[in-house]
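Mind docking chain B on chain A? Use the hints.
From first to last, the protein sequence lines stand for chains A and B.
For the first sequence, the working numbering begins at 7 and goes up steadily by one.
For the second sequence, the working numbering begins at 13 and goes up steadily by one.
Watch out, some of these pointers could steer you wrong.
What the hints assert, rightly or not - The calculated label-pair distances, taken between Cβ atoms and stated as ranges, are:
no.	chain 1	residue 1	chain 2	residue 2	range
1	B	V25	A	K15	44 to 54 Å
2	B	I72	A	G69	42 to 52 Å
3	A	G46	B	E38	13 to 23 Å
Said to hold, decoys possible - Listed below are several chain A residues computed to face chain B (Cβ distance under 8 Å; list not exhaustive):
no.	residue
4	M47
5	G48
6	T61
7	G64
8	V66
9	P67
10	F96
11	E108
12	Q109
13	F111
14	P113
15	G114
16	V119
Keep in mind the hints are simulated off the structure, nothing from the lab.
Here the structure is a predicted model, which is why all the values come from computation and not from measurement.
C-beta atoms are modelled at their ideal positions from N, C-alpha and C, and glycine is treated no differently.
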Amino acid sequence: NAGVTQTPKFQVLKTGQSMTLQCAQDMNHEYMSWYRQDPGMGLRLIHYSVGAGITDQGEVPNGYNVSRSTTEDFPLRLLSAAPSQTSVYFCASSPTSSLSYEQYFGPGTRLTVT
Amino acid sequence: AQKVTQAQTEISVVEKEDVTLDCVYETRDTTYYLFWYKQPPSGELVFLIRRNSFDEQNEISGRYSWNFQKSTSSFNFTITASQVVDSAVYFCALFSGGYNKLIFGAGTRLAVHP
Chain A
7 NAGVTQTPKF QVLKTGQSMT LQCAQDMNHE YMSWYRQDPG MGLRLIHYSV
57 GAGITDQGEV PNGYNVSRST TEDFPLRLLS AAPSQTSVYF CASSPTSSLS
107 YEQYFGPGTR LTVT
Chain B
13 AQKVTQAQTE ISVVEKEDVT LDCVYETRDT TYYLFWYKQP PSGELVFLIR
63 RNSFDEQNEI SGRYSWNFQK STSSFNFTIT ASQVVDSAVY FCALFSGGYN
113 KLIFGAGTRL AVHP
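One chain only, chain A, in its complex shape:
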């Protein structure tokens, strides 16, 4: 199993550009989520999904869209990038729809918006 994979590993965008961060897992996990990590703030939840076709907002959803058309994939779209979205983004998955179990994290995507 590859676990949770994310692409790209690094990305530089200009303000106003759009892009999609890819996330895939091969563990047949129901729950998937996106976090951003900023210095001194830990990880903050952007969006999550409890199964294909179901998504919901986390703490900091503004400026981001998600969809979950398959169990395996959970892409994160930045609609119009802003410098405030410079961050490290982590995708995670969990075997059940309850977060009472551990989450498996991808390696992260470091995004810089200039």
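Below, chain B alone, put in the same frame as chain A:
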């Protein structure tokens, strides 16, 4: 409201010292789960432990131990005889059933010097 506080931003110790990382949480739920994750310099997030609110038994795993005290809403993590490989950022996290979200603390950066 849910909240996780890791008051220690950075800790620096010399190898073989014992070190305790503090975690204080807030939740109104009676059923909740607490987690510790490790983020080494390579950047990935590694699951260390999960504890549910009904199990206050302390846990030991090799040089790692965890002290869960509901009376003080704390879930502290102790590394005995620290090693350079323990250098990382450590995150405490809380999940409680009323919210389907995992809340992270800001993290504690541990530096172990030879």
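Please name the hints from earlier in the document that this structure breaks, with their numbers sorted from lowest to highest. 1, 6, 8, 9, 16
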